[in-house]
Amino acid sequence: MKLATWNVNSLKVRLPHVLQWLEASPVDVLCLQETKLTDDKFPIGEIQAAGYQVAFSGQKTYNGVAILSRHPLSELVKNNPRFDDEQQRIITATIAGIRVICAYVPNGQLVGSDKYEYKLRWLEALQGWLRDELKNYPNLALLGDYNIAPEDADVHDPVAWKDQVLCSDAERAAFRQLCELPLKDAFRLFPQADKLYSWWDYRQMAFRRNRGLRIDHILLSLPLAERCIACEIDKTPRKWEQPSDHTPVIATLKP
DNA sequence: ATGGCCTCGGTTCGAGGA
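For reference, each letter of the first sequence is one residue, going 28 to 282 in this note's numbering.
Just so you know, these hints were derived from the structure itself, not from any lab.
Quick reminder that beta carbons are idealized off the backbone N, C-alpha and C, glycines included.
Some hints here could point you the wrong way.
[To be verified] Label-pair distances were calculated between CB atoms; the ranges are:
#1 80 x 235: 31 to 39 Å
#2 88 x 207: 28 to 36 Å
#3 86 x 144: 20 to 28 Å
[What the hints assert, rightly or not] With a straight-line Cα cutoff of 20 Å, these simulated EDC-like cross-link-like pairs (lysine to aspartate or glutamate) come out:
#4 189 x 178
#5 39 x 268
#6 162 x 207
#7 266 x 228
#8 68 x 113
#9 211 x 259
#10 105 x 67
#11 63 x 102
#12 29 x 190
#13 222 x 272
#14 266 x 50
#15 189 x 253
#16 142 x 196
#17 105 x 159
#18 142 x 113
#19 39 x 67
#20 281 x 259
#21 39 x 272
#22 189 x 179
#23 142 x 190
#24 262 x 207
#25 222 x 261
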């Protein structure tokens, strides 16, 4: 069982990449963020033709999330039921006995800004909701673009990024609170090479210079963490023409 | 050198992303 997450930065632009990647990497579940499509524009046909069922929740211009699955999706929920949010950032479904939550955490823009305060409120509400969700669904996976680099090891230049958005103490504390639910960062369940990231700025040849951040994560409840045998970041699509600035993260679970 | 790039909406620039 393979679960993956990928911020595609416009599914309209990146659909060929998604289909190409799935052909080479046929995961069971793929969570997408920043689809940037209203639901009437979602490319259902192309995704079904690739062998995936799909659930999605979009809006115009910004945000938008989707879950692609080789197995049936049930108990679909859009957004956090406890957080009134016009922005479409969460979609949840039960797939093969796993509660799969696909999340696009707000960026926060600038520490101290209104958007940053919204990000912290949003994360607190997420944590509150998941605390109860875990009681109903012990097999729970939270996949997505967290817009948080949890540790300095997840940052190419921790000095430059110190106290900046994505790296601030309050954001990292919110990430740790999710981990204390408890949920396990699948990537850190295993020894990993240094300087592995999931996002690189489009500017300054950041990808070529590997000036990135690890901000896309797969958090697993304890029963799933015990089943997890691998977690990898696949940099391949970041090398393609007209790439997303993010690249997929994949967790492999044994039956 | 206090920006550099990409996407969208809607026009050829501004907002937002991270």
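So, going through the hints one by one against the coordinates:
1. 80 x 235: 31 to 39 Å: holds (37 Å)
2. 88 x 207: 28 to 36 Å: holds (35 Å)
3. 86 x 144: 20 to 28 Å: Holds, at about 21 Å.
4. 189 x 178: Measuring from Cα to Cα gives roughly 11 Å; hence the hint holds.
5. 39 x 268: holds (15 Å)
6. 162 x 207: Between residue 162 and residue 207 the Cα gap is close to 14 Å, so the pair holds against 20 Å.
7. 266 x 228: holds (13 Å)
8. 68 x 113: holds (19 Å)
9. 211 x 259: At roughly 15 Å apart (the allowed maximum being 20 Å), residue 259 and residue 211 satisfy the hint.
10. 105 x 67: holds (16 Å)
11. 63 x 102: violated (24 Å)
12. 29 x 190: Distance of about 34 Å is beyond 20 Å: violated.
13. 222 x 272: holds (17 Å)
14. 266 x 50: holds (17 Å)
15. 189 x 253: violated (33 Å)
16. 142 x 196: Distance ~16 Å between residue 142 and residue 196 Cα, so the pair holds.
17. 105 x 159: Distance of about 16 Å is within 20 Å: holds.
18. 142 x 113: holds (14 Å)
19. 39 x 67: Given that 20 Å is the threshold and the Cα spacing comes to 12 Å, the pair holds.
20. 281 x 259: holds (15 Å)
21. 39 x 272: Holds, at about 15 Å.
22. 189 x 179: holds (9 Å)
23. 142 x 190: holds (16 Å)
24. 262 x 207: Violated. Residue 262 to residue 207 sits at ~29 Å, over the 20 Å cutoff.
25. 222 x 261: With a Cα-Cα distance of about 13 Å, the restraint between residue 222 and residue 261 holds, given a limit of 20 Å.
Against the hints set out earlier in the document, violations occur for numbers 11, 12, 15 and 24.
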